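Undergrad: We have chain A; now place chain B onto it with these hints.
Read off the chains here:
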Amino acid sequence: MHVLLIEDDELVASGIVAGLRLSGVTVDHVSNASLADAAVGTSRFDVAVLDLGLPDVDGLTLLRRWRGAGRQLPVLILTARDAVQDKVAGLRTGADDYLVKPFDLTELVARLHALHRRGAGRSVDIVQHGRLVFDQGTCEVTLDGKRVDLSRRELSLLQTLLHSGKKILTPDQVKDSLYGMLDPVESNALNVHIHHLRRKLGPNIVETVRGIGYRLGEAGG
Amino acid sequence: MSLRVRLLLTIGVSFALFWGLSSLWMLVHLRTEFRSALDERLEASARMVAVLVADYPKLTNPAPVLRSLPLAGNESVACEIRLLQGAIIGRTANSPQRLGLAPLGLNTLTIDGVTWRSYTMEQNGLRVTTADRVHRREQLLHGIALASFIPFAIALIASLLALWFGVRRSLLPLESIRHALASRAPDALQPLPEKGLPAELAPLVATVNALLGQIARAMERERRFTADAAHELRTPLTAVKTHIQVARMAGGGAHTDTALEHAEEGVRRLHSTIDQLLTLARVEGPFSFDGDEQLDARSALEGAIRQLSDHGAARVKIIDEGGAGIAVLIPASLLLIALRNVLDNAVRHAVSQTSVVVRISQTDGACLFVIENEGTEISEADARRAAQRFWRQGRGHGSGLGLSIVDAIVIRYSGSWRLTPRAGGGVVVSISLPSVSESQGQPGASNSAIGLPKI
Numbered sequence: 168m169h170v171l172l173i174e175d176d177e178l179v180a181s182g183i184v185a186g187l188r189l190s191g192v193t194v195d196h197v198s199n200a201s202l203a204d205a206a207v208g209t210s211r212f213d214v215a216v217l218d219l220g221l222p223d224v225d226g227l228t229l230l231r232r233w234r235g236a237g238r239q240l241p242v243l244i245l246t247a248r249d250a251v252q253d254k255v256a257g258l259r260t261g262a263d264d265y266l267v268k269p270f271d272l273t274e275l276v277a278r279l280h281a282l283h284r285r286g287a288g289r290s291v292d293i294v295q296h297g298r299l300v301f302d303q304g305t306c307e308v309t310l311d312g313k314r315v316d317l318s319r320r321e322l323s324l325l326q327t328l329l330h331s332g333k334k335i336l337t338p339d340q341v342k343d344s345l346y347g348m349l350d351p352v353e354s355n356a357l358n359v360h361i362h363h364l365r366r367k368l369g370p371n372i373v374e375t376v377r378g379i380g381y382r383l384g385e386a387g388g
Numbered sequence: 110m111s112l113r114v115r116l117l118l119t120i121g122v123s124f125a126l127f128w129g130l131s132s133l134w135m136l137v138h139l140r141t142e143f144r145s146a147l148d149e150r151l152e153a154s155a156r157m158v159a160v161l162v163a164d165y166p167k168l169t170n171p172a173p174v175l176r177s178l179p180l181a182g183n184e185s186v187a188c189e190i191r192l193l194q195g196a197i198i199g200r201t202a203n204s205p206q207r208l209g210l211a212p213l214g215l216n217t218l219t220i221d222g223v224t225w226r227s228y229t230m231e232q233n234g235l236r237v238t239t240a241d242r243v244h245r246r247e248q249l250l251h252g253i254a255l256a257s258f259i260p261f262a263i264a265l266i267a268s269l270l271a272l273w274f275g276v277r278r279s280l281l282p283l284e285s286i287r288h289a290l291a292s293r294a295p296d297a298l299q300p301l302p303e304k305g306l307p308a309e310l311a312p313l314v315a316t317v318n319a320l321l322g323q324i325a326r327a328m329e330r331e332r333r334f335t336a337d338a339a340h341e342l343r344t345p346l347t348a349v350k351t352h353i354q355v356a357r358m359a360g361g362g363a364h365t366d367t368a369l370e371h372a373e374e375g376v377r378r379l380h381s382t383i384d385q386l387l388t389l390a391r392v393e394g395p396f397s398f399d400g401d402e403q404l405d406a407r408s409a410l411e412g413a414i415r416q417l418s419d420h421g422a423a424r425v426k427i428i429d430e431g432g433a434g435i436a437v438l439i440p441a442s443l444l445l446i447a448l449r450n451v452l453d454n455a456v457r458h459a460v461s462q463t464s465v466v467v468r469i470s471q472t473d474g475a476c477l478f479v480i481e482n483e484g485t486e487i488s489e490a491d492a493r494r495a496a497q498r499f500w501r502q503g504r505g506h507g508s509g510l511g512l513s514i515v516d517a518i519v520i521r522y523s524g525s526w527r528l529t530p531r532a533g534g535g536v537v538v539s540i541s542l543p544s545v546s547e548s549q550g551q552p553g554a555s556n557s558a559i560g561l562p563k564i
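Sequence order for the protein chains is A and B. Per the working numbering, residue 168 is the first one in the first sequence, and the count goes up by one each step. Per the working numbering, residue 110 is the first one in the second sequence, and the count goes up by one each step.
Heads up, a few of these hints could be off.
Straight-line C-alpha distance at most 25 Å; calculated SDA-like pairs for lysine to any residue [unchecked claim]:
1) Lys254/A with Leu161/B
2) Lys350/B with Asp253/A
3) Lys254/A with Ser470/B
4) Lys367/A with Arg377/A
5) Lys342/A with Gly332/A
6) Lys350/B with Arg382/A
7) Lys350/B with Arg314/A
8) Lys350/B with Gly237/A
9) Lys313/A with Asn355/A
10) Lys254/A with Glu331/B
11) Lys254/A with Leu346/B
12) Lys333/A with His362/A
13) Lys334/A with His363/A
14) Lys426/B with Gln416/B
15) Lys350/B with Arg188/A
16) Lys333/A with Asp302/A
17) Lys350/B with Ser181/A
18) Lys334/A with Arg382/A
19) Lys350/B with Gly332/A
20) Lys334/A with Gly237/A
21) Lys350/B with His280/A
22) Lys426/B with Arg330/B
23) Lys254/A with Leu342/B
24) Lys350/B with His363/A
25) Lys254/A with Ala532/B
26) Lys350/B with Glu177/A
27) Lys350/B with Val184/A
28) Lys426/B with Pro543/B
29) Lys254/A with Arg330/B
30) Lys333/A with Asn355/A
31) Lys426/B with Asp366/B
32) Lys254/A with Leu192/B
33) Lys254/A with Leu266/A
To be clear, the hints were calculated from the coordinates, so they are not data collected in a lab. Remember, predicted model here, so these are calculated numbers, not experimental data.
Isolated chain A (complex conformation):
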């Protein structure tokens, strides 16, 4: 899951970024609305976490602009404004969820997963794909009931493929979900992660569509 965090307070943002990364979430942080516009225009994100008190444009104005332009990106508002009218205004403007500061990191992660899976049309954190079961809440993967250890990037890759179903993803789309905008990406890094995933979950888990990209295949031998 690739999250865009829009938060002007560096200290708060650094905590959220660190917490989300430790929870297996790929995060990019921007500190104002214009950088957020630039980010969503160049990268693919699954969810945005939006603070309302931004220095250049109010968060609600940014959200209204996105919704007006037809941008469907799920948005979770994360703010210190706790009045009922603020929450109502946020949700009515187009936010999908609203969380008041200070919050619990595990709750934030759970809500982000909920928004992400809703986007994929699922209602539970546990995804079953043939012989493979993936629990997004605990980041636990089992194949034929046996636990398989995956690295953070491998987990993100598997999650992206499961989320996309039978849709073909271009290499850039896959990279966007694995790496933050500023993460250094080596040229063969994606192939390495795909290789490791095939080794751990079966050679057909990632199907290569020549000249286009990748899609989810069968798990196991």
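TA: Same frame as chain A, but now just chain B:
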């Protein structure tokens, strides 16, 4: 008692009372005039009879030829004609027996149970008596009184009805205001409708609306301040909580150390914001600083510089332009806070490696501090907003209250200050404070007592 009832009672009772008294006086006057007119009629009738009878010589003959004159009359009027010797020469049929024995002039007599009003005169050897039944007179009088009273009573009732209707209609705008106030929610502060109000009520409603507007603005300010304060406290609290959770999730190592350092930074910010909020509340509240000592300008400035970080303190340069020895008429603790806040802002927003210059001088008996830094350019609009609570320049890391506190302190002690953009970037802050000159030993521009804010 409602205004409507009070008005109706006052006007209605006065109206009925004055008209009633006036009518009573008219009735009494009418009765007197009426009786007097009837008496004159009796007198005139008697004289006329006397003249007519005198024209009949036979009648004056002592031998009564006629016992009764064919005098026309009705039950109410009687007449008797006698010779002075006593012989009756004529009388009306209803005339009582002893009517002619009545004394001369006007009299009221009762003969055979009937009361008469009579007039007796003697002329040409004749004694003529004319009389009216008093009962009949009273009947006439009652008839006249009744004929006068009925229109008066109808007019009075109609007037009272018109009064009730008029008062009710006139008080309708007042009633609609009362209803509008009674039916609104206790916290509703929208203005009352001013359209179509009578001239007497318009100023009242305008005043009430102005007051409601002031209350609404004050409540909005308070609400915004509370919301801003909550935001300012929650943000560092969020940082602390998040980094502590990250430290726990990281389970040791460099990640944990970094997270704990960030949590400590959050605690420092929280501490600073709470301190600033409490200071602002103390300065703006009814707290007294009477016990505080006073400092001269240089000592205050040096004290404020010592409260800055070592790096910040080293960047401040003091230039004495003749005001360093002046005692400033502000409690030392507040003077130090005000100067420290301005210097802290000046250092924080200054370009690195540049100095913050403070000039101290004396003008018109006041102590003038001029603080200047070289920093990023600031617009006129931002300069005006600088003292606004929780406003920060760009992504400043202060609490947003430092200059609000300066403003509150300066206003409390009748000083003045302003922040203006500096040519070439940065700002110039001028603070003028009431002072006592070292040489004069007397209060300068302001003589307001320490600890007693101007109200």
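Undergrad: All hints, please: hold or fail.
TA: The hints, checked one at a time:
no.	hint	verdict
1	Lys254/A with Leu161/B	violated (117 Å)
2	Lys350/B with Asp253/A	holds (23 Å)
3	Lys254/A with Ser470/B	violated (53 Å)
4	Lys367/A with Arg377/A	holds (23 Å)
5	Lys342/A with Gly332/A	holds (17 Å)
6	Lys350/B with Arg382/A	violated (40 Å)
7	Lys350/B with Arg314/A	violated (33 Å)
8	Lys350/B with Gly237/A	violated (35 Å)
9	Lys313/A with Asn355/A	violated (29 Å)
10	Lys254/A with Glu331/B	holds (20 Å)
11	Lys254/A with Leu346/B	holds (20 Å)
12	Lys333/A with His362/A	holds (20 Å)
13	Lys334/A with His363/A	holds (21 Å)
14	Lys426/B with Gln416/B	holds (15 Å)
15	Lys350/B with Arg188/A	holds (17 Å)
16	Lys333/A with Asp302/A	holds (20 Å)
17	Lys350/B with Ser181/A	holds (12 Å)
18	Lys334/A with Arg382/A	holds (6 Å)
19	Lys350/B with Gly332/A	violated (37 Å)
20	Lys334/A with Gly237/A	holds (22 Å)
21	Lys350/B with His280/A	holds (21 Å)
22	Lys426/B with Arg330/B	violated (38 Å)
23	Lys254/A with Leu342/B	holds (19 Å)
24	Lys350/B with His363/A	violated (36 Å)
25	Lys254/A with Ala532/B	violated (44 Å)
26	Lys350/B with Glu177/A	holds (14 Å)
27	Lys350/B with Val184/A	holds (14 Å)
28	Lys426/B with Pro543/B	holds (23 Å)
29	Lys254/A with Arg330/B	holds (21 Å)
30	Lys333/A with Asn355/A	holds (24 Å)
31	Lys426/B with Asp366/B	violated (38 Å)
32	Lys254/A with Leu192/B	violated (123 Å)
33	Lys254/A with Leu266/A	holds (9 Å)
The structure is inconsistent with the numbered hints 1, 3, 6, 7, 8, 9, 19, 22, 24, 25, 31, 32, although it conforms to all the rest.
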